[in-house]
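Chemist: What follows is each chain in one-letter form.
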Amino acid sequence: MTTTTDPTKESFRLSQLIYDTRYRSMTIQVVAMIGFMAMFAWLISNTVANLQALGKDFNFGFLTVRAGYDINQSLIEYSSNSTHFRASLTGLLNTLLVAFLGCILATVVGVIAGVLRLSKNWLTARLMTVYVESFRNIPVLLWIIAFFAVLTEATPAPNAFRGEAPEASMWLNGTLAVTNRGTYVPNPTWHAGSSVVVVVFLASIIGIWAFGRYSARRQERTGEILPNVWIKLAIFFVPTLLAYFIMGRPVGLDYPELQGFNFQGGLHLRNSLIALWLALSFYTGAFIAENVRAGILAVSKGQTEAAYALGIRPSRTMRLVILPQALRVIIPPLISQYLNLTKNSSLAIAVGYMDLRSTLGGITLNQTGRELECMLLMMLIYLIISLLISSAMNVYNKSVKLKER
Amino acid sequence: MSDLHAHNLAFVRDKMLPESEPPITERGAVKWVRENLFSGYLNSILTVVSIYVIYVILSHILPWLLNSVWVANSLEECRQIRDTVNEGEPSACFAVITERWKQLLYGFYPAESYWRANLSFVLLFVALAPILFDNLPRKLLWFSGLYPFLAFWLIWGGSIWLPISVLAGFVIAYVAFNLLERFGGLAGAIAAFVVPILWWLFLAGPVADAIHSILPIGMEVANSKQIGGFMISVIIGLAGIVLSLPIGIVLALGRQSDLFIVKTICVGFIEFIRGVPLITLLFTASLLLNYFLPPGTNFDIVLRVVIMVTLFAAAYMAETIRGGLAALPKGQYEAADSLGLDYWKAQRLIIMPQALKISIPGIVNNFIGLFKDTTLVIFIGIFDMLGLTNTIRASTEWNGVYWELFIFVALVFWICCFGMSRYSQWLERKLQTEHR
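In the order they appear, the protein sequences are chains G and X.
Sequence positions in the first sequence follow this note's numbering and run 1 to 405.
Sequence positions in the second sequence follow this note's numbering and run 1 to 436.
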């Protein structure tokens, strides 16, 4: 005789939606969804009503209209006759330019400062502590304005370079002029045949990568270690230099020269760009320095000792044992520092650098009076940049992450 | 053999020699210098480079600082003093600070009301003390709860009944919860949520006005436009961080939850806010907020900024608290479940106290970041310290003063931020030892 009975089929009661854990999560989600939709609908209906009251519509047609303003630095062809779209694109490229340069310099500064802060040299470690603490604890906007003030107030005017005994002189053997109108650096000029040099250079980069793989496989097979560094350096320099001389030196440098009241030739880097670039780099570099320091400290001393006990040389210990483990700690905060730098580049407005904020979110917005479209578009672009950077760095993070099995 | 002893052997010393000092290179300052500054090639190069860098910086700044002029009425006068007294040596003109420091701290706040700002600043520390240091009497937390309303009244002035009637909303929420709880916990929770909102939206203002007309107690109203300088940074920073804490907790829990829709909404919000620069949110506050709210709504710019800054800080706060939640061992969650606690009880009694404790240093760091970011409000026409440096430079007397103002602003920020970061490090160490 079986004692088990089928559970009685309960009829569904409405109160189960709240008190039965099987249904409750569904209820909460539906309520949350409805609430979210309601709020969204409320915002949109408000916006529609407000736009109607102002007699405005919502379209992005203004992007194809002539912009009518100048942008003092553009990486692509731009004139005041170009469209607002092109103006925004110019601004976006300027943002990306300063973000890209900033990330590189910030990494270099941060790594150097972070390592030196751990150095046994008392004086250097203290100096780096002062650098890190002073940059970390003062707003980046102040640094941007201060760097700009240094560049515009404390540097000589171009006409100070003139005459037999000029008050100011160019740096680096007369190739670089720092003036209050900007910095002039040599500009590479590309003559016929220079494309060959570039192609050879790119090919040699691929060659270095291929050689690295070959030498790693060879080491795994035979245990022999090739003099990797020297061979890679040779691949880097020799083919490019050969191509350079064979093609008859097609790549030259155009040096800036003082003509009249200003420098001519060379590449003119505006003070706004340099101030923004340096301030963002040094500010973010201070944070990166702390991340690097934390990463190195996070690798326990036993790892170094174990590597020495295995007879691995100090340089290889650093490269093969310490760095891979430290990088795992350093990379995630480094990603967010890069993101911060990119977002902080929107402070360019303080020094008049024409970035996305100053073109699309500044002059275009003011000229067309389309706040809603401009702001939404700008937020969207920043969001996409952020997501791209973080996903790219996450891919890299995955490759250095501890492989757990 | 037995008579071989030290006293009858000429070549065995029977007296201890006095200890001689270690060689000069192995003691005192010389040893320290050798070990810390010149222990190898690289180290020596670093030392020389460091000394050079320090020399360059100091040689430029020190004379300028030492010759500084502290009393003058204009930059012109400063330069005259420099030329006559200091013989044309470069000299800082800190007279601008002596004359304008009040403006840098308070903005255009009326001078006869400075005591109100000062009082609320002092009371701030009384309110913060029980939160920051856990060995103070817990009763003080009541004052911390009342403080925001008190500070609002002190700074903005006006009728005292407005903050009191807003405060009454919480009392009403408590009463409503107790009344309706007998119909079930959910009804109580909904009542505690809905009733005060209705109160604040429709009744709080008229009731305050009504009481004020009967019993007028109040102070002179200070306009938001008058508030500036260091004061506005503190107000926006503190309001942002305090208001963002509850929102951040909810967002963090939402992000950790199993409910797909709730999780998606929370992740979307957090990633959106973290993906755009604060400055775009501030522009939204000044340009777009009017579009999103019912037609005809128009309110104070400082309040708008506080709303946007709160949303901004909430996203970062959520990530910090999520870190705290993730750092808790899984056993804590399982222990709470095995005790039969429901989700909210488990969060309130087991998870949150520990997770929040772990994330306090992160929260303080968030606050430092937010405090520094309050300088961005100059772009939407609020005069914080950095904005006021422009105002001061715009006057004829001080046209051309840069560094003295920057140094003052930087110093104020540095002291605040460095102090807070030291506090957070201290806290981190303290919390660490408790876990061992």
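Treat the hints as calculated values from the structure; they're not laboratory data.
Mixed in with the good hints, there may be bad ones.
The list that follows gives simulated cross-link-like pairs (lysine to any residue, SDA-like), each with its CA atoms no further than 25 Å apart [claimed, not checked]: (1) X:Lys263 - G:Thr317; (2) X:Lys357 - X:Leu431; (3) X:Lys263 - G:Phe40; (4) G:Lys398 - X:Gly323.
Every value quoted in this text rests on a predicted model; they were computed, and no experiment measured them.
Chemist: Determine for every hint whether it applies to the structure shown.
Modeler: Quick rundown of the hints versus the structure:
1. X:Lys263 - G:Thr317: 44 Å, violated
2. X:Lys357 - X:Leu431: 8 Å, holds
3. X:Lys263 - G:Phe40: Distance ~17 Å between Lys263 of chain X and Phe40 of chain G Cα, so the pair holds.
4. G:Lys398 - X:Gly323: With a Cα-Cα distance of about 19 Å, the restraint between Lys398 of chain G and Gly323 of chain X holds, given a limit of 25 Å.
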